[in-house]
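Peer 1: Letter by letter, the chains look like this.
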Amino acid sequence: MDTFIAFLIPGLFTGAAYAIAASGLVLTYTTTRVFNIAHGAFGMVLSFVFWDLTIRQGLNVVLSLFLVLFVIAPLIGFIMQRLITRGLGNAPVGVSLVVTVGMFVGLIGFAQQYWPEDRIEPEAPRFVPPFWLTFADGDGVPGWQVAGTSITGLQLITILSSIVVAVGLYLLLNKTRIGTAMRASVDNPELLRLFGGKPDNAAALAWMIGMSLAALTGILLVSVVGLDYFGLTLLVVNAYAAAMVGRLKSLPMTFAGAMGIGVFESLAIGYSTDSPLLSTVRPAIVPIFLFAVIVLAPQAQLRIGQVKGMVSAPVPSIPRMGIAGAATLLVAALFVTTASDVRLLQLGTAATYAIVMLSLVLLTGYGGHVSLAQLSFAGVGALTYAKLDEPNLSGLVMATLVAAGVGALVALPVLRLTGLYLALATLAFAVIMEKVVFKSPDLGFGSGGAVEVERLSILGYRFESTGAYVFLMVAFMVAIGMGVLVVRRGVVGRMLIAMRDSPAACGTLGLDMRWFRVGLFASSAGIAGLAGALVAGLRRLTGEADFIFFNSLPLLLLAVVFGITSVTGAVLGGVGLMLLPVLQAETVNVLGSDVKLGGLMFMVIGIGAVLAARDPNGLSNYLFRFGRFLERRLRARIVAGLPQLTTPDGLAADGLTDGRTDGGADETAVHEPAPTGVPLGKVVSDGAPARG
Amino acid sequence: MPLLEVDDVVVQFGGVTAVNHASFEAEAGRITGLIGPNGAGKTTCFNVISGLQRPTKGAVRFNGRTVTRTPVHRRSRQGMGRTFQRLEAFGSLSVRDNVRVALDIHRGFRGIIKPSASDIDGLLERVGIRSYADDRADAIPTGTARLLELARCLAGAPKLLLLDEPSSGLDETETDDFGDLLEDLAAEGMGILMVEHDMDLVMNVCDTIRVLDFGEVIAVGDPSMIRSDPKVQKAYLGYSDVDVDKEPVA
Numbered sequence: 068m069d070t071f072i073a074f075l076i077p078g079l080f081t082g083a084a085y086a087i088a089a090s091g092l093v094l095t096y097t098t099t100r101v102f103n104i105a106h107g108a109f110g111m112v113l114s115f116v117f118w119d120l121t122i123r124q125g126l127n128v129v130l131s132l133f134l135v136l137f138v139i140a141p142l143i144g145f146i147m148q149r150l151i152t153r154g155l156g157n158a159p160v161g162v163s164l165v166v167t168v169g170m171f172v173g174l175i176g177f178a179q180q181y182w183p184e185d186r187i188e189p190e191a192p193r194f195v196p197p198f199w200l201t202f203a204d205g206d207g208v209p210g211w212q213v214a215g216t217s218i219t220g221l222q223l224i225t226i227l228s229s230i231v232v233a234v235g236l237y238l239l240l241n242k243t244r245i246g247t248a249m250r251a252s253v254d255n256p257e258l259l260r261l262f263g264g265k266p267d268n269a270a271a272l273a274w275m276i277g278m279s280l281a282a283l284t285g286i287l288l289v290s291v292v293g294l295d296y297f298g299l300t301l302l303v304v305n306a307y308a309a310a311m312v313g314r315l316k317s318l319p320m321t322f323a324g325a326m327g328i329g330v331f332e333s334l335a336i337g338y339s340t341d342s343p344l345l346s347t348v349r350p351a352i353v354p355i356f357l358f359a360v361i362v363l364a365p366q367a368q369l370r371i372g373q374v375k376g377m378v379s380a381p382v383p384s385i386p387r388m389g390i391a392g393a394a395t396l397l398v399a400a401l402f403v404t405t406a407s408d409v410r411l412l413q414l415g416t417a418a419t420y421a422i423v424m425l426s427l428v429l430l431t432g433y434g435g436h437v438s439l440a441q442l443s444f445a446g447v448g449a450l451t452y453a454k455l456d457e458p459n460l461s462g463l464v465m466a467t468l469v470a471a472g473v474g475a476l477v478a479l480p481v482l483r484l485t486g487l488y489l490a491l492a493t494l495a496f497a498v499i500m501e502k503v504v505f506k507s508p509d510l511g512f513g514s515g516g517a518v519e520v521e522r523l524s525i526l527g528y529r530f531e532s533t534g535a536y537v538f539l540m541v542a543f544m545v546a547i548g549m550g551v552l553v554v555r556r557g558v559v560g561r562m563l564i565a566m567r568d569s570p571a572a573c574g575t576l577g578l579d580m581r582w583f584r585v586g587l588f589a590s591s592a593g594i595a596g597l598a599g600a601l602v603a604g605l606r607r608l609t610g611e612a613d614f615i616f617f618n619s620l621p622l623l624l625l626a627v628v629f630g631i632t633s634v635t636g637a638v639l640g641g642v643g644l645m646l647l648p649v650l651q652a653e654t655v656n657v658l659g660s661d662v663k664l665g666g667l668m669f670m671v672i673g674i675g676a677v678l679a680a681r682d683p684n685g686l687s688n689y690l691f692r693f694g695r696f697l698e699r700r701l702r703a704r705i706v707a708g709l710p711q712l713t714t715p716d717g718l719a720a721d722g723l724t725d726g727r728t729d730g731g732a733d734e735t736a737v738h739e740p741a742p743t744g745v746p747l748g749k750v751v752s753d754g755a756p757a758r759g
Numbered sequence: 003m004p005l006l007e008v009d010d011v012v013v014q015f016g017g018v019t020a021v022n023h024a025s026f027e028a029e030a031g032r033i034t035g036l037i038g039p040n041g042a043g044k045t046t047c048f049n050v051i052s053g054l055q056r057p058t059k060g061a062v063r064f065n066g067r068t069v070t071r072t073p074v075h076r077r078s079r080q081g082m083g084r085t086f087q088r089l090e091a092f093g094s095l096s097v098r099d100n101v102r103v104a105l106d107i108h109r110g111f112r113g114i115i116k117p118s119a120s121d122i123d124g125l126l127e128r129v130g131i132r133s134y135a136d137d138r139a140d141a142i143p144t145g146t147a148r149l150l151e152l153a154r155c156l157a158g159a160p161k162l163l164l165l166d167e168p169s170s171g172l173d174e175t176e177t178d179d180f181g182d183l184l185e186d187l188a189a190e191g192m193g194i195l196m197v198e199h200d201m202d203l204v205m206n207v208c209d210t211i212r213v214l215d216f217g218e219v220i221a222v223g224d225p226s227m228i229r230s231d232p233k234v235q236k237a238y239l240g241y242s243d244v245d246v247d248k249e250p251v252a
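Residue numbers (our numbering), protein chains in the order written: chain U, 68 to 759; chain G, 3 to 252.
Just so you know, the hints here were simulated from the structure itself, not pulled from any lab data. Where is the CB? At the ideal position from N, CA and C, for every residue including glycine. Not one of these hints is a red herring.
Here are some chain U residues pointing at chain G (derived, C-beta under 8 Å):
#, residue
1, 561
2, 564
3, 569
4, 571
With beta-carbon atoms standing in for the labels, derived distance ranges:
#, chain 1, residue 1, chain 2, residue 2, range
5, G, 173, U, 556, 28 to 38 Å
6, U, 384, G, 179, 36 to 46 Å
7, G, 224, U, 323, 47 to 57 Å
8, U, 390, G, 143, 35 to 45 Å
9, U, 556, G, 143, 23 to 33 Å
10, G, 19, U, 319, 15 to 25 Å
11, U, 387, G, 173, 38 to 48 Å
Please put together the full structure from these sequences, using the hints given.
Peer 2: Pasting the structure below:
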């Protein structure tokens with residue numbers, strides 16, 4: 068009983084903090100249909116702001132609190148709604164997820180850059196003292212004694228704050244005009260507009276309040292969790308679980324869920340000393356709970372109202388694919404015979420990331436679903452390969468299949484649900500893998516956190532030298548890239564893109580998308596698993612540190628920035644992600660002072676993703692356009708240079724035509740063979756005046 | 003027995019009632035018009051019928067079966083096809099591939115084996131957009147995209163067609179051709195339920211008309227009866243800002 072009381076009170080405290088965070092999350096989601104993955108990251112940055120104001124600048128605590136909660140946070144919320152998330156609720160859920168993941172990573176980068184960990188400031192210790200510390204009982208112990216255990220001022224304030232927030236939100240939503248508008252815009256902003264409401268104002272208010280609540284959570288928790296970029300940010304995963312209990316709609320249920328999670332988690336800590344199983348599973352209790360709640364969520368309705376085609380990357384013809392693949396292999400062959408071992412490892416890493424990104428091209432680029440756990444699937448592949456200890460093709464195939472099976476297991480329970488729930492299920496899965504499975508001495512990478520791995524041999528040939536092994540990895544990358552393109556050209560590819568462009572239309576045409584989704588998810592996880600197995604062999608050592616949850620996020624974002632709808636984008640993105648740590652270590656000279664790039668790279672990626680998310684074709688699309696432009700110009704030159712060879716029936720044009728695209732109004736001029744009997748000079752009259 | 007029965011359906015969004023105890027039916031081989039001012043609940047009714055929106059109360063029966071809780075794709079396989087007021091074309095695919103996907107879905111595995119090129123072009127020909135076959139669906143005019151959605155529906159050989167403002171974006175000649183096409187389809191036995199703002203088209207082709215206002219059915223009858231119904235006149239003319247011939251703001 069003593070243990071129960073002793074852990075109940077801290078449980079109520081964390082539950083109250085989760086409740087405040089979760090209610091902010093629910094408020095913004097219900098009003099704007101944007102699930103803010105970055106909710107915790109905003110709380111983290113705002114608690115840093117609070118620390119900066121009070122400890123670094125020496126401002127009065129109450130004044131700082133007022134500034135952060137009622138000025139800075141609402142202002143940021145307003146700016147976010149107006150500049151970034153406006154209209155995002157109508158976009159496909161994949162887009163709004165990528166945008167908020169972009170904010171998540173960008174904010175972590177911002178905090179790392181602006182408040183770097185290694186900056187020594189003796190007058191500003193990186194610590195926020197808990198509120199009301201001065202209050203003490205007779206023995207000088209801070210806090211009150213309640214039933215033999217003490218309750219601190221901070222705990223009391225937090226629990227009281229959560230009650231104030233609950234009552235305040237209830238009154239706002241049920242007793243005010245704008246609150247009614249907020250509730251109505253949940254279901255149908257169009258209808259609200261027709262009835263004279265202003266969904267945009269409701270959305271702005273929701274974001275302002277949501278941001279204040281994120282700030283309040285951050286400030287209440289910072290003295291317990293510490294000023295930690297990731298710790299504070301990821302605590303919000305627990306708030307996601309609470310929000311899911313309320314099915315992202317009901318605030319009372321959200322509160323109940325948050326309190327339940329807080330208390331349960333705390334009690335698990337209290338009792339886990341007696342139970343080895345409980346102490347292993349404990350860090351994953353909330354993610355497991357999140358997963359369970361998602362599985363129990365009701366069938367979601369399909370959204371309608373989409374117009375634009377999301378995918379515009381061209382689909383190369385088979386010969387062109389072959390040429391590009393052969394050229395890549397040739398360059399790789401030249402590279403591996405000349406480069407140093409460091410460079411080889413870099414190339415191998417880039418190929419690994421590229422393969423993982425190819426899995427995202429299939430899943431996100433074509434299918435429109437977002438996975439926040441792609442590196443965890445790679446981890447499953449690496450783990451299987453290492454544990455099997457069969458360094459040959461069958462080991463590799465097993466690693467792929469196990470990862471695919473795990474992917475299907477993640478997707479199966481949520482197959483009735485829409486993209487948001489699927490993405491959150493992957494997030495819960497990633498946290499479970501990182502905190503429990505990969506760390507486990509039996510299931511995971513062992514007590515040292517890493518295991519040794521042998522390199523692959525195929526048909527008796529052992530790829531022992533790093534050069535040969537890296538070449539093999541590039542060959543796998545090329546093969547998978549081509550495989551993805553072959554899928555894109557066929558029935559399955561068309562259906563995937565149709566599902567991405569309009570799930571509602573696919574449904575009304577009679578497509579049961581659920582099994583399609585599971586198959587897609589499994590294939591994508593399998594490809595990621597293969598990449599994991601390959602990279603384990605490259606380093607000859609693989610461990611939990613290679614597959615931490617957070618790293619899946621910059622991977623997803625870079626894939627979007629470089630173009631998640633094309634194989635080229637994935638390959639470029641792989642190189643980009645490999646260079647990330649190299650660039651982060653760089654210092655550049657800005658206006659005479661050295662600036663370390665560090666977190667700035669995360670900021671750049673985050674902002675890039677926020678900007679790029681609405682057009683997932685990314686940077687590589689500009690490359691394609693430039694290529695088409697060059698082709699047009701070169702073609703004109705070549706044709707102009709051959710005026711004497713009169714080609715009466717467009718043979719030459721046919722030779723140059725590759726049927727690279729499957730439609731695309733701007734390309735027809737280039738790709739259509741010259742009409743019969745028309746002299747070529749006329750067809751390309753723009754760049755080359757017809758001669759002869 | 004009517005092909006489609008909407009029985010006392012209520013849909014509420016938060017505090018707003020979008021559809022208020024609406025009951026109506028649509029018959030095979032006949033064209034039924036569903037008209038009413040903006041916000042009257044017409045599209046919401048369509049969403050309830052096709053399964054994209056679960057009603058707060060009431061039931062939908064199709065072909066003798068209650069389908070109120072049947073998933074969208076299964077209603078489609080039972081013979082329900084629909085188009086959308088806000089376009090739902092597959093924008094990344096060409097017009098031809100849009101129809102190809104619909105045929106592939108309809109045929110399941112048979113579609114993978116048997117190439118369907120001639121069927122696709124036949125469908126595009128039928129709705130009159132053959133010349134757009136190679137264009138990307140997000141690059142064609144609105145009216146053409148609506149016809150494309152119709153062609154996609156027809157690929158599934160539906161028993162009931164739900165058309166949500168099919169003629170907006172079409173010019174006068176195209177609208178006339180479209181009206182003829184609808185009459186042909188009805189003559190083949192297809193039931194058609196159509197939400198439409200073009201009163202000339204509605205009055206010309208519909209066999210029966212239902213008028214919705216504030217989520218309620220306020221009038222039922224053939225075109226001439228509807229034209230002279232005082233309640234209908236009030237619903238339309240009572241709002242000075244609603245122009246029945248104008249295309250609504252999507």
